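Start from chain A and add chain B according to the hints.
Protein sequence lines, in the order shown, are assigned to chains A and B. The opening position of the first sequence corresponds to residue 517 in our numbering, with each subsequent residue numbered one higher. The opening position of the second sequence corresponds to residue 109 in our numbering, with each subsequent residue numbered one higher.
The reader is advised that the hints may include incorrect statements.
[As the list claims (entries may be wrong)] Subject to a maximum C-alpha distance of 27 Å in a straight line, what follows is the list of computed DSSO-like cross-link-like pairs (lysine-lysine):
#, chain 1, residue 1, chain 2, residue 2
1, A, Lys1165, A, Lys1151
2, B, Lys163, B, Lys265
3, B, Lys224, B, Lys265
4, B, Lys224, A, Lys1151
5, A, Lys1165, B, Lys163
6, B, Lys224, B, Lys163
[Claimed, not checked] Derived coverage of chain B by chain A (criterion: at least 3 residues anywhere in the stretch with Cβ under 8 Å from a Cβ of chain A; other residues may be distant):
#, stretch
7, 110-119
8, 123-132
9, 140-149
10, 197-204
11, 228-236
12, 249-262
Bear in mind the hints are in silico, worked out from the structure with no lab data behind them. Predicted model, so just to flag it, every value in this text is computed and none were measured. Glycine included, every Cβ here is placed at the ideal spot set by N, Cα and C.
Now for the letters of each chain:
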Amino acid sequence: MSTASEQQSTDVSRRRFLGYVLAASTLTVAAQLGEGAAAPHAEAAVPGVPEPADLYDLNDMLTDATLATANLITITLNADGTASFALPRTEVGQGITTSTAMLIAEELDLPLDKVQVSLADARPELVFNQLTGGSNTTISTYTPVRVAAATAKQQLLEAAATELGVPLSALSALQGVITAPDGRSLSYAELAVKAASLTNLQVSVTLKPATAFSVIGTPQNRIDALDAVTGRKQFAMDVQVAGAMPAMICRPPTINGTVVSVQNRTAVQAMPGITDVAVVSTGVAVRGRTFGQCIDAVRALQVTWGPGSEDAATDATVLAELRAAENPIVTPPLPLLTEAVDARFTFHFASNSALESNCAVADVRSGSAEIWACVKAPITAQEEIAAQLGLPVSAVTVHVTQGGGSFGRKLFHDAALEAAEVSKAMGKPVRLMWHRTDDFRHGRTHPMSISRVRATYSLGQVLTLDQRHTSVATEFGHGLGEIITSSVAKLPVGGLTFSETIFSLTQQTPYNFGVTTQLLTEVDNGFHTGSMRNIYSPNVRCAQELIVDRLAAAMGQDPYHFRRNFLKDPRAVAVLDKVAQVGNWGRTMAPGTAQGIAIHPEYHGFVAVLVEIDCTPATVNRQIPDAVTGPRVTKAVCAVDVGLAVNPKGLEAQMMGGIMDGIAVTLTSSLHLNGGYFQEGSWDNYFYTRQWNTPPELDIIVMPPTTGTPGGAGELAVAGAMAAVACAYGRATGTMPTTFPINHDAPLAFTPLPTVPPIPQSPTDGLSRAY
Amino acid sequence: MPSHTFVLNGQQVTVDVEDDVRLLWVLRDILGVTGPKYGCGLGVCQACTSHVNGKAVNICCVPVSDVQPTDEVTTIEGLPATVGQDLHPMQQAWLDMDVPQCGYCQPGQIMAAVAKVLQARAAGRQLGDADFDEIRNICRCGTYHRIREAILEAQTKF
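So here's chain A without its partners, still in its complex pose (with noise of 0.2 Å):
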C-alpha cells in the first residue's frame, strides 16, 4: 500500500489549529469538537443534475452541524504516562474506539497501548455532537481528537525543555519518551504532572503531515480485542448495579396492544423469584432475582389485551399501501427509437436486531435518576428520560455502555426508557431485558418499500434514469432530526421532509445516465421502525443496480464494462477494475452459477463488490436443521476506497460484515407481517447468514488513500453487496430478481411461535445435546 502522505494537501497540514490546556492535576489537553473538521463545499445546489447528495451528503450535514457546538473533548496524560479520552460516540463493534486510540497516539507519539478510550456519558452540552450515526464518527472527529493530542505533544515538549535545560526545537518525541541531542530523556509519566497547567490556556498547533504518519493508515488490532475473548468486555447487562435486579416486559400479541386488565397479578408477584410487577405503557413488568424466573413470570401472567394498531395488516396490505401511494414516473418527451427498461421491486420488511438484545439499567430515585445502556444518541435519551420522569435534564445521568451490535437499532433507546418507567414505577433498580421473541415481534423493523426504476436508452447512450422509492415510514427521532432543523435551511434540498431529505442527502447515482431523478415517498402508520445499517441505499441501489444489468443486456454491452464506461468518477472506476481483476471477471462459469458485480458511493467512499454465487440444486437443497440454505455465495471480492482508511484492518472488517448482511437480505432474512404481529421470533426464524451461507473464499481490498481525509466506512459494503448478489442470482438463473429476500413468498421455513404467552419457555434439554 502507499503511504498517505502522497495523497495528503499540503494546505491542511500546515493549518494552525487551537488547542486548550486546562488546568488540572496532570497534563490535561483539548479541542473544539467540529473545528476545522469540514471540508469546503458547494454552498448551494445547481437543480436537476448532479443530485444533492453528490455536491453535500447526509455526512456533510452531520460534520457541519457541530461546528456551531462551541465546546470540548479532553485528553488527560496520566501520571503513569498512559493518555485517556472519554470518546463524545458510541462503539457497538465498529471500530472507532481503536480508530480513536490511533489518532491519539499518532499525534501524541505514545504507543497504541497507552491510550484508554472509554465512552462519555450523555453531555448534553454538546447538543448535536454525541451522535453516532451515517458513518460519521471519523469524518468529525479526525481533527479535533488530533488536535487535542497534537496539544498535549506539545506541551509535553516545552514542559522537558525547561527540565533538561535544552530548546524545544532540539527535542525529539518517539513512543511515549522524549530525549534531548545529548541522550537524556524524560518518559511521559515524568512529565505528565510537570507539564500541568494551573490555569486555562489557549495555545496554537500544527498536526502531523500525512508524510509522518506511522500509525494512521496502519492496519491494527481492536483495543478491546482481549477483553471481548476473555468474556471480560462489559455489555449493559453485565454492569453491576447494586439492587438492579432482571426485569421484562410482559407484550401484548400483536403490534402496539395496550393493557386493559391483569387477571392474576397477585399470584404471579408471589412466584419463586419475584419481587414485583407493574402495569407500565407498554405491557406488563415483572421484576426478580433471575431473568429465567422473569420468563416463568411474564408466560403466567393472564392479562386481557386491547387491540393493536396494525391488527389487520399483513405483508400484502402493506405492499397494496405502498403501490397506492407510488408516485408515477413522467418522462419528457425522448427521440425517436427511444426504448426503455422498467421494472418495480420489492423489500419486505427486515429486523434490525442486534444480537444483544435491547436493554438497560435503570436506577430512579426521588429526584434522580441513573441509566447504563448502549445508546448513539445519549442526549436525546437523556432528554427524553428526564422528560417521561418529570425530572431536570441535569438530574439525569446516562452513561454509555459498549454495545453488542447496533444496525441501527440504538440509534433508538426504547429500552433505557421502559427501564426508567418500571425502575419508577417500582421505586427499585431495574436491569431490564427484552426476550429475544420480543425484540423481533415488537422491535424496530427496516420498513417494507418498493423501488421503481425507469430508464431509457437511445443509441448508446443512457438519456433518463427515474426512481420512485415508496416506503413505510422510517422513523428518524433520535437526534437526526433536531440536527436537520438546525440544517435544513442552508441544505440545497429545502422543503422537504425529514425523511425526503436524508433521501437526498444519501442517495446517489454513480453513473452518467442523463436525467435523473430519484424520489421518495413515505407511508406513515403505527409501525415501530428505524434505519437498519446504511439506511435507503441496500434497497435504492440494489435496484438500481439490477436496472443497470438489464441496460447494460439491452444494449449488448457485459455488465462491467457498461458500468465502467458510464461511472462520473475514477475512484469509482479504480475499485471496479480492482474487484474485476482480482475476482478474474468473466471467467468462465458452470450452469447455474454465475458472478455478478456492482458499485455503490457513499459517505465520500466507493465501494465494488463481485461475487459468485451458485444456484444448482445440489447446492439449493442443501440440508441443514432449522435452517435456509439456498443459493450459496461462493465468493466475494470487494474493493473499498474511503479516500483515508485510518485503520485499514478495521475498515477490512467493516466490510465483511456488510458483504453478511448484503447477502442476508438478498437472499434469506425478512420480517413475515400476518395478523398484526410479525411470525418470526428466533434466529432459527429470521434468517441472518450464519456459517452455511458464509462465503467459502472472501477477499477485501482497501484502496490506497486517494483524498486524504476518511470518509464514513460501516455501512457503505452493504448495499454493494446486495446488488452484486442480487445482480449474480438474475445471471445465474437468467431471472432478474424483483422480491427481496429472493425466498421471502415461499411458504414459511419455520412454525411460528406462539403469541400468548408472548415469548416461549427455554429448553431444558440442553445436556442431551451436548458435544
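Okay, now just chain B, sitting in the frame of chain A:
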C-alpha cells in the same frame, strides 16, 4: 429452597435456587459470571455456549438441577486454565486474526470452536466444511470468515 453444588471454573460452588432455573441465569444473575451471554434463551443463537465436562452446551437450556456435584462447568473465564495458560490457543488465534467486532457472541463462538475441534479430533480428523456447517452460533456483525480462519489456525495447537 433447593441447594445445588457443582464445579465452576475449577472451584466448587453451591447455590440456593429453584431446580428449574437455567444454568445461564444461575451463573449470570446469582454468581456474577457474565462471560456467557444471552442471545435468545432458546438454544438457537448459542451465545451462552460453555462447557460441561468438556463438551459444549447451551446453558440457557440446562436446568440447574441437571448439574451434579462432580460436574465441571467451564465458561470463557475458565477456559485458559483448562490448558494451564493465560490464554487458550483458540483465544490467541482469535486475537491473531482480530476476529471480534462488537464481541458479544465471541465467548460462545470460542467455546463452541474448542469443542468442535476436540469432537473432530476424537473422530480422528481435522475440521472440514461439514463441521463448519454445524457451528450454529450467530454473529450478527458477520465475523464468520475470520472465525473460520482462527479455528483452522488453532486446531493443531492444543
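Hint-by-hint comparison with the structure:
1. A:Lys1165 x A:Lys1151: 20 Å, holds
2. B:Lys163 x B:Lys265: 18 Å, holds
3. B:Lys224 x B:Lys265: 14 Å, holds
4. B:Lys224 x A:Lys1151: With Cα atoms ~25 Å apart, lysine 224 of chain B and lysine 1151 of chain A stay inside 27 Å; holds.
5. A:Lys1165 x B:Lys163: 33 Å, violated
6. B:Lys224 x B:Lys163: Cα-Cα ~9 Å, so holds.
7. 110-119: Answer violated; 0 residues pass the 8 Å Cβ test.
8. 123-132: holds (count 7)
9. 140-149: holds (count 9)
10. 197-204: With 3 residues close enough to chain A, the hint holds.
11. 228-236: Contact hint for the stretch 228-236 of chain B vs chain A: violated, 0 residues under 8 Å.
12. 249-262: holds (count 8)
In this structure, the hints that do not hold are numbers 5, 7 and 11, in rising order.
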